[in-house]
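Enquirer: Listed here are the chains, written in short residue letters.
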Amino acid sequence: MVISLLNRRSLQVALCLGLSGLTLARAQFPGGPPAPPKTAKAAAVYDLTGYWVSVVTEDWRFRMVMPPKGDYTGVFLNAEGRKIADGWDPAKDEAAGDRCKSYGAPILMSLPGRLHITWQDDETLKIESDAGQQTRLLHFKSAEEPGPSWQGFSKAMWELVPTGRGAPPVGSLKIVTTHLKPGYFRKNGVPYSANTTLTEYLDRVDEANGTAYLVVTTTVEDPVYLGRPFETATHYRKQLDARGWNPTPCSAK
Amino acid sequence: MKRFMYSFLLVGALGWGQGLDFSGHTNLPAGIDISGTWYPQPFQDSGLITASGALVEFGGIPMNEAGRLYALAWSSSRIQGRQHQCMGYTVPYTYNQPGNLRFWEERDPYTQRLAAIKQYWQISEGTRTIWMDDRAHPPAYAQHTWSGFSTGKYEGNNLTVYTTHLKRGWIRANGIPQSDEATVTEHFIKHGDRITYFAVVNDPVYLAEPFSRAYTLGRNEKEPDAWLYACDDGEQILGRREDQVDSYFWGQHPFLREFANKEHIPLLATLGGPETMYPEFPAKYNDPQAMEAEAKKELTPAQGPEHPNRAADPNPHDGEIHVLPVQGNVFMLVGDGGNIAVQVGDEAPLVVNTGAGQLADKVIAAIRKLTDKPIQFIVNTNFAVDFTGGNLKLRAAGHDPSLEGSFFSGQFADAGRSATIIAHQNVQNHMLALKAPNDSIPTDTFFQGRRRKFHNGEAVEMFYEPNAITDGDSIVHFRRSDVIAAGDIFSTTSYPRIDLKNGGSIQGEIQALDNILDRTVYQHDEEGGTLIIPGHGRLCDEWEVAEYRDMLVIVKDRIQNLIKSGATLEQVKAARVTADYDDRFGATSGAWTTDLFVEAVYTSLKSPPKSGAGN
Chain A
1 MVISLLNRRS LQVALCLGLS GLTLARAQFP GGPPAPPKTA KAAAVYDLTG YWVSVVTEDW
61 RFRMVMPPKG DYTGVFLNAE GRKIADGWDP AKDEAAGDRC KSYGAPILMS LPGRLHITWQ
121 DDETLKIESD AGQQTRLLHF KSAEEPGPSW QGFSKAMWEL VPTGRGAPPV GSLKIVTTHL
181 KPGYFRKNGV PYSANTTLTE YLDRVDEANG TAYLVVTTTV EDPVYLGRPF ETATHYRKQL
241 DARGWNPTPC SAK
Chain B
1 MKRFMYSFLL VGALGWGQGL DFSGHTNLPA GIDISGTWYP QPFQDSGLIT ASGALVEFGG
61 IPMNEAGRLY ALAWSSSRIQ GRQHQCMGYT VPYTYNQPGN LRFWEERDPY TQRLAAIKQY
121 WQISEGTRTI WMDDRAHPPA YAQHTWSGFS TGKYEGNNLT VYTTHLKRGW IRANGIPQSD
181 EATVTEHFIK HGDRITYFAV VNDPVYLAEP FSRAYTLGRN EKEPDAWLYA CDDGEQILGR
241 REDQVDSYFW GQHPFLREFA NKEHIPLLAT LGGPETMYPE FPAKYNDPQA MEAEAKKELT
301 PAQGPEHPNR AADPNPHDGE IHVLPVQGNV FMLVGDGGNI AVQVGDEAPL VVNTGAGQLA
361 DKVIAAIRKL TDKPIQFIVN TNFAVDFTGG NLKLRAAGHD PSLEGSFFSG QFADAGRSAT
421 IIAHQNVQNH MLALKAPNDS IPTDTFFQGR RRKFHNGEAV EMFYEPNAIT DGDSIVHFRR
481 SDVIAAGDIF STTSYPRIDL KNGGSIQGEI QALDNILDRT VYQHDEEGGT LIIPGHGRLC
541 DEWEVAEYRD MLVIVKDRIQ NLIKSGATLE QVKAARVTAD YDDRFGATSG AWTTDLFVEA
601 VYTSLKSPPK SGAGN
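Protein sequence lines correspond, in order, to chains A and B.
In terms of the working numbering, the first sequence has 86 at position 86, counting the first letter as 1, and numbering is strictly consecutive.
In terms of the working numbering, the second sequence has 418 at position 418, counting the first letter as 1, and numbering is strictly consecutive.
Keep in mind that a hint or two might mislead.
Unchecked claim - With a straight-line Cα cutoff of 20 angstroms, these simulated EDC-like cross-link-like pairs (lysine to aspartate or glutamate) come out:
#  : chain 1 : residue 1 : chain 2 : residue 2
1  : B       : Lys262    : A       : Asp71
2  : A       : Lys253    : B       : Glu65
3  : B       : Lys373    : B       : Asp346
4  : A       : Lys238    : B       : Glu209
5  : B       : Lys153    : A       : Glu123
6  : A       : Lys174    : A       : Asp121
7  : A       : Lys174    : B       : Glu155
8  : A       : Lys69     : B       : Glu209
9  : A       : Lys174    : B       : Asp193
10 : A       : Lys253    : B       : Glu263
11 : B       : Lys453    : B       : Asp482
12 : A       : Lys253    : A       : Glu123
13 : A       : Lys253    : B       : Asp193
14 : B       : Lys262    : A       : Asp86
15 : A       : Lys38     : A       : Glu123
16 : A       : Lys238    : B       : Glu275
Hints were generated in silico from the structure; no laboratory data involved.
Construct the entire structure; sequences and hints are all you get.
Expert: Below is the structure:
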């Protein structure tokens, strides 16, 4: 009945003003000055901190054993990418000091190993891996973008799904990583370039028996070596403590 | 101005009601509605090809001993078997198939509340319903299906689905089984036009630890043309027996090392098991000799006691009789020993078996809720007390109007004043020998292979199955309802209780299962169609009878081969010839143990039944 009273113009105007008003209302209601915006840590939709162990049931043949040179099954490599993969020489990488070429952000979360996740500060989530002893910093607030590195520069945000009033926020942790040094996203030399953009979603799911899993969804977009983005999902299980934490240096072999 | 105010208030209220959060988070516009058409992304595990993988490519699957032995015994020729050609897919396996998926919502037309999320899978043409209305899961004695029974709820940003009542399926179609006892928890997490699908399988029969796995699904940019997957079975190898079931005995898989050698992987790594999932496993590669020695041990069952089965007991054991509508005119009554089948219709009820008799009054009461007519016929498929224990009371509660007033009335004063009990003559013989109460003994017996009736508007056929569990077994086929009451010949809870002393044999048991399969049809992809009421356990369809038959053929062949090589009974038992099935059907205590079953098979092979059953 109310809808029938509206004409299109008033609806458009109302939409703008209504949403603005809503923001004000949410910020000011029930009164007092606006609350300061929550920090990323305070706004976390779930707790990712602690130790997590990788459960390697996906792409086992590429992750738990060294796949043969030239095996890039499932990866839409272009001719340039295939050329690099076919010429992979781990000894050469070792000699060049590039032992960590297969420990960069696009592969790190799929390596067999454990993660230790902590808040470095209210706006920076830190992920340490025992495999290759790497550290990723996920920045929720703008920070100075560094030069290229194995882990690149990661911007993070809580990507939320609308919920009912009063319900806790739900969603995923979205991470976009750039500024990567060229590396391999499979141990056997399947390459990504410095122009790669890595998009990840981290989701925590809790089973009825109390087991918590961290599901990592990864998209590697590389205009240099890939004909289409490479998308996978891997997962970790929450540990109660640091059991099994075994820092090991990078190895090209 | 008034219109403007209304619209302001309206939109503001709508926004407030939705609880939209503008505190700096990035908001998705469309919740977690997963409706649309999707496809499994081709990047991950693409080398597995239709999720099957190579033979003996089991790395990363946390199988227990039974699972590993099942997979190592599995011959890929089994997929040529008639009942296996059109096998459907279970979850989570189905989301790794290279076909299209359609998801849609079903809403109550009046309240618009979400009632269910439906899914259609191109491969196997499976349709799945995820109930979103908080309904309870069916009882344990209800039928299992490829898609199982699923209930869902939104948790955080994902749709969480819990599934029970699955048929035996694949974790990987290279022999890695997922048992019919498995339950699956799934999470559909939407990220824009992608779904991350994460599933956790708990299988007490074949897994040592939960099997968890993530996949990604992509949204089809346009409606795909391909939605069908036609499948019709047929014999593919002329002259082969329908009950030929190829398998490999322990350590004799001819392609055991093929994948390992091709990929330069230690054999142990290809055999799976929980440790192959974890980061510590690659450290083992440093000691190839130790790995090889360990691998060789895993090819055969560990020495030690047999395993009891880990399957949940489908019998409610609550002192009540539970009624399950089967299809057509037929109901299954559960709760008092062996299952009871009841056919109702315009005429009076026909009951197949009467249970153990402990709850006979409740059985009668349950039947009276189905029809107000007294029981006219009782058919006993076997003389065991689990199936005839209620004869006395159910007979007395019945009435056979076809006899009352007939010439029998002149000979017997009580003719027709109770139900008529029908069975093969040997059932009567055994009950007389056991001195069962006179009124519990079948009076209408048959000798021939097929006894038939037309009752309650359909043909009812009783087929004698010689030397199966005993020498007096029958199955009963309700033709229009398309239900077979299999009696003790088929069970979902144990190995068949072959009663050697009373004429049972493994040969006759397998033949009886073959005979059931000769009369069944499936509706679609080895599901539906003819339903089978087992003597004990849950309602089934033909595929599960075939699985049971296949298991018995495999065990029989193993024992037969050991006998040929001169093995004694003790040596056969020590070889643990049932190790891949014990966790599902075995028993280490009670009246029917795995040992007794193996002994029964061994003895019937050494001394085949004189009737020639199964030859």
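Enquirer: Now, for every hint given, state plainly whether the structure supports it.
Expert: Now for the hints, and whether the structure bears them out:
1. B:Lys262 - A:Asp71: holds (12 angstroms)
2. A:Lys253 - B:Glu65: violated (33 angstroms)
3. B:Lys373 - B:Asp346: Holds - the C-alpha atoms of Asp346 (chain B) and Lys373 (chain B) are around 9 angstroms apart, at most 20 angstroms.
4. A:Lys238 - B:Glu209: Distance of about 15 angstroms is within 20 angstroms: holds.
5. B:Lys153 - A:Glu123: Violated - the C-alpha atoms of Glu123 (chain A) and Lys153 (chain B) are around 32 angstroms apart, more than 20 angstroms.
6. A:Lys174 - A:Asp121: Roughly 18 angstroms between the alpha carbons, so the hint for Lys174 (chain A) and Asp121 (chain A) holds.
7. A:Lys174 - B:Glu155: Given pair Lys174 (chain A), Glu155 (chain B) holds - Cα atoms ~18 angstroms apart, limit 20 angstroms.
8. A:Lys69 - B:Glu209: violated (33 angstroms)
9. A:Lys174 - B:Asp193: With a Cα-Cα distance of about 15 angstroms, the restraint between Lys174 (chain A) and Asp193 (chain B) holds, given a limit of 20 angstroms.
10. A:Lys253 - B:Glu263: Within the cut-off at roughly 16 angstroms; holds.
11. B:Lys453 - B:Asp482: holds (15 angstroms)
12. A:Lys253 - A:Glu123: Answer violated: Lys253 (chain A) to Glu123 (chain A) is near 36 angstroms, above 20 angstroms.
13. A:Lys253 - B:Asp193: Roughly 37 angstroms separates the two Cα atoms, so the pair is violated.
14. B:Lys262 - A:Asp86: Distance ~18 angstroms between Lys262 (chain B) and Asp86 (chain A) Cα, so the pair holds.
15. A:Lys38 - A:Glu123: holds (10 angstroms)
16. A:Lys238 - B:Glu275: holds (17 angstroms)
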